[in-house]
Amino acid sequence: MLTIVFFAQTRELVACDNIELEFNSSLSALETIRSQLASKGDKWDLALQQDKLLVAVNQEMSPWDTVIKDGDEVAFFPPVTGG
Amino acid sequence: MLTIVFFAQTRELVACDNIELEFNSSLSALETIRSQLASKGDKWDLALQQDKLLVAVNQEMSPWDTVIKDGDEVAFFPPVTGG
Amino acid sequence: MISVQTADFDIAKLYQQMSNNQLNPNGYGAVVTFVGKVRDFNQQQQIGAMTLEHYPGMTEKSLEAIVEQTKARWPIGEPIIIHRVGELAPGDQIVYIGVVSAHRKAAFEACEFLIDYLKIKAPFWKKEQTETGYQWVDARENDTTAADRWSQGNH
Amino acid sequence: MISVQTADFDIAKLYQQMSNNQLNPNGYGAVVTFVGKVRDFNQQQQIGAMTLEHYPGMTEKSLEAIVEQTKARWPIGEPIIIHRVGELAPGDQIVYIGVVSAHRKAAFEACEFLIDYLKIKAPFWKKEQTETGYQWVDARENDTTAADRWSQGNH
Numbered sequence: 001m002l003t004i005v006f007f008a009q010t011r012e013l014v015a016c017d018n019i020e021l022e023f024n025s026s027l028s029a030l031e032t033i034r035s036q037l038a039s040k041g042d043k044w045d046l047a048l049q050q051d052k053l054l055v056a057v058n059q060e061m062s063p064w065d066t067v068i069k070d071g072d073e074v075a076f077f078p079p080v081t082g083g
Numbered sequence: 001m002l003t004i005v006f007f008a009q010t011r012e013l014v015a016c017d018n019i020e021l022e023f024n025s026s027l028s029a030l031e032t033i034r035s036q037l038a039s040k041g042d043k044w045d046l047a048l049q050q051d052k053l054l055v056a057v058n059q060e061m062s063p064w065d066t067v068i069k070d071g072d073e074v075a076f077f078p079p080v081t082g083g
Numbered sequence: 001m002i003s004v005q006t007a008d009f010d011i012a013k014l015y016q017q018m019s020n021n022q023l024n025p026n027g028y029g030a031v032v033t034f035v036g037k038v039r040d041f042n043q044q045q046q047i048g049a050m051t052l053e054h055y056p057g058m059t060e061k062s063l064e065a066i067v068e069q070t071k072a073r074w075p076i077g078e079p080i081i082i083h084r085v086g087e088l089a090p091g092d093q094i095v096y097i098g099v100v101s102a103h104r105k106a107a108f109e110a111c112e113f114l115i116d117y118l119k120i121k122a123p124f125w126k127k128e129q130t131e132t133g134y135q136w137v138d139a140r141e142n143d144t145t146a147a148d149r150w151s152q153g154n155h
Numbered sequence: 001m002i003s004v005q006t007a008d009f010d011i012a013k014l015y016q017q018m019s020n021n022q023l024n025p026n027g028y029g030a031v032v033t034f035v036g037k038v039r040d041f042n043q044q045q046q047i048g049a050m051t052l053e054h055y056p057g058m059t060e061k062s063l064e065a066i067v068e069q070t071k072a073r074w075p076i077g078e079p080i081i082i083h084r085v086g087e088l089a090p091g092d093q094i095v096y097i098g099v100v101s102a103h104r105k106a107a108f109e110a111c112e113f114l115i116d117y118l119k120i121k122a123p124f125w126k127k128e129q130t131e132t133g134y135q136w137v138d139a140r141e142n143d144t145t146a147a148d149r150w151s152q153g154n155h
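Protein chains in written order, with the numbering used here: chain A, 1 to 83; chain B, 1 to 83; chain C, 1 to 155; chain D, 1 to 155.
Wrong hints could be hidden among the right ones.
Cut-off 30 Å, straight-line C-alpha distance, at most; resulting in silico cross-link-like pairs (DSSO-like, lysine-lysine) [as the list claims (entries may be wrong)]:
#, chain 1, residue 1, chain 2, residue 2
1, C, Lys13, C, Lys121
2, D, Lys61, B, Lys69
3, A, Lys40, C, Lys13
For the record, the hints were derived by calculation from the structure and aren't laboratory data.
Because the structure is a prediction, the values reported are computed rather than measured.
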């Protein structure tokens, strides 16, 4: 199982804080996870446009070629604006 | 009349906070003032070695070629160490 | 010390605590602090209120990583980072960064490095209430430039 | 606000006062403060106490000139500079510099500029009590270098 979490604009557009995905080997690629979620509807597609989207794996900012394994927590969010 | 003031090591060596000098045109050069005071004794000579000595005229840090006029306040002191 | 909290912070207590946190407080001659506050204007728009969202868990981890990076680079004591989340109004304090060092140069650089990296690495997001409704704040290009400068060896 | 005083200062009151001193306090999103304290060690020698001498009149004038120079160079609000004189002990606060600006870069630079220039321009002198008696502190070459850097256009 993968836990997928969303924050800020991304969270508001998909209208959901987090969802779970049954893990399978095709989901070891972040891009596959992203595009599978983007296909869930127009708002999901808009929210997950890769343009400025950031991704964290197990609560660490990660590059798009990071290999995902079963049990991971994957977060999608826009550039951060704290401080 | 010129008021001459001293601070820190300089003040301690000459053992005096300030003295007054009758103004005359030769005292318009800072170097003349300095060397006239230095001739007052060994401690004065030591205190007023030009090496690292700083000078302020009318409470403003000034270069050695500043022209002094009657009524000015001239200060001699070592490099500052506040903050 | 790192804290992500909804409550306001008291800069006097943090200043005292920063001194108490050090093994030898009298070895540190320089204390540099940064406080970020909510401004009433941003990008020409008047701001009524602000909401700060964050990623619980990851936020603390990312701040700890930034602190470790800072301590590896400058000879500083234990720093303090406080960042608020939730509802804030203009004038409210958002973030506190406090650094002590033996000399001022390290304290200034480390403090600025901490806030520069927090701005691009820590998962916080601001949403501002303007005349035209709530809107998410755009990331500033400047913040990336500010952080990049630390890896260019001109400091 | 500039003050040269024997009394200690309260950083919380100064922080509040700095905000009160501004025409539009909510326009300033960044507050950077520097506090310099007496260390218990200097140049490998243990310090028991310290005396700070100054040149009354010139000190205030030189600090005002440094403040004007800073305000001409960075878009900051009214800063606060407090410098103590007289007898001090290790751990005691010596100097406070507080700066507000709309953005953090100006606040950091202006604060560091103020203390760098105070260090080489303002007529204060420190005398430290060590194991071998009282001695005047030597001016540090580093302080001249720190101040020089602001005139080399690399900031």
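Hint by hint, here is what the structure shows:
1. Lys13/C <-> Lys121/C: holds (27 Å)
2. Lys61/D <-> Lys69/B: holds (21 Å)
3. Lys40/A <-> Lys13/C: violated (50 Å)
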